[in-house]
Amino acid sequence: MKIIAKERLPEVLQLLAKDYNVLVPAKFEGVTRFTPYSGDVELVLEENVLMPPKDIFFPQTEKMYKFKAKNKSLEIEELPVEKEEQLIFGIRSCDLKSLECLDQVFLTKGYVDHFYKDKRERTALIALSCVRPQEACFCHSMGVDPQNGVGADIQAYDLKEKIGFKAISEKGQEILEKISGLLAEEEVSIPSFGEFNLKADIEGVPEKLQGMFEHPIWADISRKCLNCGACTYVCPTCHCFDIDSEVRGEDGVKIRCWDSCMFGEYTQMAGGHNPRPTKKERVRNRFMHKLRYFPERYQMLLCTGCGRCVIKCPVNMDITAIIKKIKEAE
Amino acid sequence: MKEITLQMQELARELLQKGEVNVVLGWEKGTFWYLSPPAFIDKPEDVERLVFDDYCHHNLSKYLMDYRYQDGKVAVFLKGCDSRAFNILLEDNQLEREKYVLIGIPCPGMKDQEKAKELGINGDIPLAKKCQDCKYPNPLVYDYFLGDKEAADEAAATREAKAIDYSDVEQIEKMTPDEKYDFWSSQYERCIRCYACRNVCPACNCRECIFDQSRTGWIGKANNTSENQFFALTRAMHVAGRCIECGECERACPMNIPIMLLNKKLIKDINQLFGEYDAGVKVDGVLPLGHFDKNDPEEFM
Amino acid sequence: MSVKETASNWEPKILVFACNWCTYAGADLAGLSRLQYPPNIRILRVPCSGRVNPQFVLRAFQRGVDGVLVAGCHPGDCHYVTGNYFTRRRYLLMQRLLEYVGLDPERFQARWISGSEGPKFQEVVTKLTEDIKALGPNRKLRDAQ
Amino acid sequence: MAVTVEQVKEINPLVPIKAKVIKIVQETPDVKTFHITTMDDKKPFDPLPGQLGMLSLPAIGEAMFSVTNKGENHIEMAIKSVGKLTEALHEIEEGQEVGIRGPYGNGFPLDYFKGKDILFIGGGIGLAPVRSLIMECIRNRENYGKLSVVYGARSKADLCFKEDLFENWPKVPNMDVYVTIDREEEGWDGHVGFVPAYVEELAFNPQVTVLCGPPVMIKFTLPALQKMGFADQDIITTLEMRMKCGIGKCGRCNIGSCYVCLDGPVFTMEQLKKLPPEY
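Residue numbers (our numbering), protein chains in the order written: chain A, 1094 to 1423; chain B, 4 to 304; chain C, 46 to 190; chain D, 202 to 480.
Heads up, some of the hints might be wrong.
[To be verified] In silico DSSO-like links for lysine-lysine, alpha-carbon gap of 27 Å or less:
id, chain 1, residue 1, chain 2, residue 2
1, D, Lys244, D, Lys315
2, A, Lys1420, B, Lys32
3, B, Lys152, B, Lys114
4, A, Lys1120, B, Lys114
5, A, Lys1372, A, Lys1417
6, D, Lys474, A, Lys1373
7, A, Lys1301, B, Lys46
8, A, Lys1120, B, Lys120
9, D, Lys475, D, Lys317
10, D, Lys428, A, Lys1159
11, B, Lys271, A, Lys1417
12, D, Lys317, A, Lys1210
13, A, Lys1161, D, Lys219
14, A, Lys1163, A, Lys1212
15, A, Lys1159, C, Lys172
16, A, Lys1165, D, Lys285
17, A, Lys1163, D, Lys363
18, B, Lys32, B, Lys165
19, A, Lys1372, B, Lys165
20, B, Lys32, A, Lys1418
21, A, Lys1212, A, Lys1120
22, A, Lys1176, A, Lys1163
23, D, Lys475, D, Lys347
24, D, Lys243, A, Lys1163
25, A, Lys1159, D, Lys285
26, D, Lys428, D, Lys372
27, A, Lys1095, A, Lys1253
28, A, Lys1202, D, Lys219
29, A, Lys1253, A, Lys1212
30, B, Lys76, B, Lys177
31, C, Lys178, C, Lys58
32, B, Lys21, B, Lys5
[Unchecked claim] Covered stretches of chain A, as calculated for chain D (at least 3 residues, CB under 8 Å):
id, segment
33, 1127 to 1135
34, 1159 to 1165
35, 1182 to 1194
36, 1380 to 1391
Please keep in mind that the hints were generated in silico from the structure rather than gathered at the bench.
Beta carbons: idealized from backbone N, C-alpha and C, even for Gly.
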């Protein structure tokens, strides 16, 4: 395998930054997220970042088109498409899995989301293997291999003191060639991965949920939920959005921005009717969507076991505990 | 605290068995050892889930709003700050006192969850910042009181006398306007507007928040520093004089924004301008911004 | 407010929330008395200074105003008896909050100006305009567009 | 050329094209029909009966409406004033330029209707989506059996498409129109009563029925239809949900794993029974 000492990783990133806008896992003001690489970013390699990489492809706020509305007239103007090639270094297996989910949503079922597709196509991915599970990780339960991601161009391996690189796609091969001058060939073994602290037995859950729409479990589970959007916003797979406009005088911009199924306004219709009026319906929809509706529609779970919601929920709504409750429900 | 836990369970069992209440709101152990999330107990056989330990941060009073229109009584465990929250909800006419059975617990202070995670179960974990400043660790309103009331009162008396440490606020006050703005912008730049701070806050009890009514145009869905600060400052002004310093907003924030630094500033100024005031201590209809004194400071001549 | 400004032609935009019963009449009197005051101010008439919600002030700064003045009847003279006492408390506090988040203190002001105080109106807005001209355009709390 | 579903998939489906409102018809005090064409006087798209279009006044908002009819060079949308955008739409005048994108949704299964007698049931603004199908049946009259329309509204003034109801449709061969209003009213000598009871009273020969209206009307009409012997797959209705993208991405219009904007809005009772009752 091609390897480099871990402390020399910045050299690799520096070199790649000549050709790409390189995004790296970094910490700023106590929050970790993918950040454009520069010499002074504080790299985070020991654990996955808090904010998932979805905002690179599907930003929290994204301009869609401009318009000018004056009296009876209207002009609609599409925005120029960015051309810059991007590269994410250090995306983990769970987050790669989330891109698979997002691809299903944005690229299939008849319509292609141009905004997403454009960014997805010009972003190369260097995955980084995990050395040990964090306390809220349960990716293995969701069918993810934390040491071998699916869908990356290059798989990088965290070898404790070193980092190893293995090209997966043709694009990955090209990237690897660019940095090959910095790498040495070495026989290495990938460190063994520890035991997961959290587990979820998902076997049969989507099927069981089919008959559980009216089950009392939802009233029970939802009681402590605050109906804030923290879980949906830190989730790498949640992809709901709203479309809104920002208008100043005659000029306006149509934007789309993340929305959350936890908010009441999400399904509130103009006439006043709301099919999901209380937190019971909203919580039910969120977990049903992750564990039943999405698998039914796209043949995969909408949870990657990254554990972010478990860590960040202010009231500890734990999806693994909910899965357990579903399994145990009569 | 083991003792309190046992008393909690016993009392909850009794209330449920006698049918005095339909549900008991308390805390139970969560996914990790340093989490004690809210628990809703409606069967006597489930009372063993209840705990009281160093991590019962959650302010349960806010949940009482979910039971406003339900029949029957609800029992709830209240720490000092939770009881102030209950009073604020009474003050705001959100709750009827008779519907709730209040079980007061003297609070020794909750421990910092982030530090707990970092230092591990055997570490010497400090109190959460909000608890270091607490003046009212004992419940101010209750029907039952768990633990030794006298000892608790004595312990609390030393705290009430203690001046609140505003050094963090003062540090910001000393900055130049540009430094202040940079500081707050960098904090609110990362706000994702999940509204966890608002939803967890007992003073945020409007039937429908303006930030949930995008058709009114007060706030757009777009996330940017300007809109995020608009949200933060509007909320800070709205809870000014009603913030009971439970610090839940800051704990709930997934993005580590020091929200209490805004609230503390307002509390400090209210005390200076309009006289010492602690929200949720008394229910007397006299809120600092819902009330005035003809002799208030005059700066607008 | 869609006029694009450049450094050279910049003129401050100042929003005055004027109570209908006193300050608005005061501004009117200033006009009738031919008292010159800067054209930089825009007056927004409100029924009472107590009507001015903190959001109004924040929204003004968001949309590109360089200074805000909230003005109403003198304490004791409120048309609604006590409205301006609430205003006083609210804006004593908010002024400090705005300063705390980095807004230059000159940019937000509150004043009592009665219907007979035309000259005072002139004096207050002239001073405010000068102060803000000295500070330059406000970028703080402003949205990007 | 009018845009087809296939072509919409090629262009950026979230960006509307510019169109103009060429005619506005006041149907009732709170319903207006808007005739919309592209800037070069073409149909903005060629919708199947029952399909949807996303109409916008970009500065105000964007919302999904069913297309009530299509002409040679325009499409029509009947819109009730209920919210921020629809109130603004009711203020516009002819000549107003708007944004439009579509067509979206599945539309009615035309082949299934071929050769059959069809009973159309509408209440209030609920006639809007149904009308697109009625117009299709009239355009290709020979393809369908007997057409019956039962339509009700709160009052005479609230009846939509009065010209169709009282002038045009009764003249169509082998087509009956039954109109009812909720309460007695001066100057009304037609039927008075609610739609469900009227349907039951009229006793139709069960073949296939299309119904759309307020939930309460649907709730009470279904038992009447079942009593008459309509099978679940022959009861067809259209649903309404809050929508933003219209292309099955933004998430909010789901009923179970089904997206109303993409897999609907037309559903048979047989399909609905398989979905969670959350609409």
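These are the hints, each one checked on the structure:
no.	hint	in the structure
1	D:Lys244 <-> D:Lys315	holds, 26 Å
2	A:Lys1420 <-> B:Lys32	holds, 20 Å
3	B:Lys152 <-> B:Lys114	holds, 22 Å
4	A:Lys1120 <-> B:Lys114	holds, 25 Å
5	A:Lys1372 <-> A:Lys1417	holds, 20 Å
6	D:Lys474 <-> A:Lys1373	holds, 22 Å
7	A:Lys1301 <-> B:Lys46	holds, 26 Å
8	A:Lys1120 <-> B:Lys120	holds, 18 Å
9	D:Lys475 <-> D:Lys317	holds, 25 Å
10	D:Lys428 <-> A:Lys1159	violated, 54 Å
11	B:Lys271 <-> A:Lys1417	violated, 47 Å
12	D:Lys317 <-> A:Lys1210	violated, 44 Å
13	A:Lys1161 <-> D:Lys219	holds, 11 Å
14	A:Lys1163 <-> A:Lys1212	violated, 33 Å
15	A:Lys1159 <-> C:Lys172	violated, 40 Å
16	A:Lys1165 <-> D:Lys285	holds, 18 Å
17	A:Lys1163 <-> D:Lys363	violated, 34 Å
18	B:Lys32 <-> B:Lys165	violated, 32 Å
19	A:Lys1372 <-> B:Lys165	violated, 41 Å
20	B:Lys32 <-> A:Lys1418	holds, 16 Å
21	A:Lys1212 <-> A:Lys1120	holds, 23 Å
22	A:Lys1176 <-> A:Lys1163	violated, 32 Å
23	D:Lys475 <-> D:Lys347	violated, 30 Å
24	D:Lys243 <-> A:Lys1163	holds, 23 Å
25	A:Lys1159 <-> D:Lys285	holds, 21 Å
26	D:Lys428 <-> D:Lys372	violated, 30 Å
27	A:Lys1095 <-> A:Lys1253	holds, 15 Å
28	A:Lys1202 <-> D:Lys219	holds, 26 Å
29	A:Lys1253 <-> A:Lys1212	violated, 32 Å
30	B:Lys76 <-> B:Lys177	violated, 50 Å
31	C:Lys178 <-> C:Lys58	holds, 10 Å
32	B:Lys21 <-> B:Lys5	holds, 24 Å
33	1127 to 1135	violated (count 0)
34	1159 to 1165	holds (count 3)
35	1182 to 1194	violated (count 0)
36	1380 to 1391	holds (count 7)
Going through the hint list in order, the structure does not satisfy hints 10, 11, 12, 14, 15, 17, 18, 19, 22, 23, 26, 29, 30, 33 and 35.
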